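Asks: Quick note, the sequence shown lines up with residues -24 to -1, 1 to 192 if you use mature numbering (1 follows the signal peptide of the UniProt record, and there is no 0).
Keep in mind the hints are simulated off the structure, nothing from the lab.
Remember, predicted model here, so these are calculated numbers, not experimental data.
Just so you know, not all the hints are guaranteed correct.
Computed Cβ-Cβ distance ranges for the label pairs, DEER-style [as the list claims (entries may be wrong)]:
#  : residue 1 : residue 2 : range
1  : E46       : A93       : 31 to 37 Å
2  : D97       : D19       : 22 to 28 Å
3  : A49       : A102      : 36 to 42 Å
4  : R70       : T191      : 17 to 23 Å
5  : H69       : G180      : 44 to 50 Å
6  : E130      : S58       : 22 to 28 Å
7  : A81       : A155      : 32 to 38 Å
8  : G52       : T171      : 19 to 25 Å
9  : A49       : T128      : 16 to 22 Å
10 : A49       : T113      : 21 to 27 Å
11 : A102      : E132      : 43 to 49 Å
12 : A108      : A11       : 18 to 24 Å
13 : A42       : T113      : 35 to 41 Å
Where is the CB? At the ideal position from N, CA and C, for every residue including glycine.
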Amino acid sequence: MSPHRLLRLGAACLCWAAALPLVAQTASAPPAEPATKWRDPADPALSAHVAEAKVALQLLVSTLSASVAEAVADGGPHQGVSACQLQALPLTHRSAQQSPPRVTALKRTSLHVRNPANAPDPAESAALTHVAQLLSTGEDLPPLLVQELAATPEREAEIRVYKPLRLAAQCLACHGDPATFSPDLRETLATRYPTDAATGYEEGDWRGLIRVSLTP
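Please build the complete structure, drawing on both the sequences and the hints.
Replies: This is the structure we're talking about:
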């Protein structure tokens, strides 16, 4: 899911540079990352959070699925990709607004994103890595993961509920083997998502996570 600044100093600046490291370290230090810990989704203390997260998840999945299905029915997979680029983020934001009161945000993310806007932040990267490690040991995908983020000077404390997603057969039309894609679909992906890393999947593969953010 932080960029680093590269400072280049000429020879004429060597005297000033001797005092620079402490100043630069103080002035450009990245924001503190929140401490995270895993929580048991079955913990009674989290029952209300998990219940509201499930409502938000269902709302988002049904909203996005209907939007893409309608576009594909109208114009084929390449039309579905175009609709997803234009509508997915606004619909995700709207779903968060229509969700239960504890829900503050919704997001889809993956180790292999199509839209750079869905790239994981550090806490999401930890969740993705955690799931990948579980799968590497032969374990099944967990239905839900719950992550607690401590407050930092830049952000408030947060509870995150993640739902792992597997690819259904119909998803392969846009996420499967690129050799099977139509010329229109390949052109649309190249134009709208030039850094696309979300192809080559098979049915049942783990695709990524939906993240629900909630107030503690």
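Asks: Give a verdict on every hint.
Replies: Status of each hint after checking the structure:
Taking 31 to 37 Å as the suggested C-beta distance range, the pair E46 and A93 does not conform, at roughly 22 Å. At about 24 Å, the CB distance of D97 to D19 agrees with the hint of 22 to 28 Å. For A49 and A102, the hinted distance range of 36 to 42 Å is satisfied, since their beta carbons lie about 38 Å from each other. At roughly 19 Å, the beta-carbon separation of R70 and T191 lies within the given 17 to 23 Å, and the hint holds.
At about 30 Å, the beta-carbon gap between H69 and G180 misses the expected band of 44 to 50 Å. Restraint check, E130 to S58: a C-beta distance of roughly 35 Å breaks the suggested window 22 to 28 Å. Our hint of 32 to 38 Å for A81 and A155 holds, since their Cβ atoms are close to 37 Å apart. For G52 paired with T171, a C-beta distance near 23 Å keeps the hint of 19 to 25 Å intact.
At roughly 45 Å, the beta-carbon separation of A49 and T128 lies outside the given 16 to 22 Å, and the hint is violated. Checking the proposed 21 to 27 Å range against A49 and T113 shows it is violated: the Cβ atoms sit about 40 Å from each other. Separation of A102 from E132 is about 19 Å and departs from the stated range, judged on CB atoms against 43 to 49 Å. Look at A108 against A11: about 22 Å separates their beta carbons, and that is inside 18 to 24 Å.
As the Cβ distance of A42 to T113 is approximately 36 Å, the hint placing it in 35 to 41 Å holds.
Violated hints for the displayed structure, listed by number in ascending order: 1, 5, 6, 9, 10 and 11.
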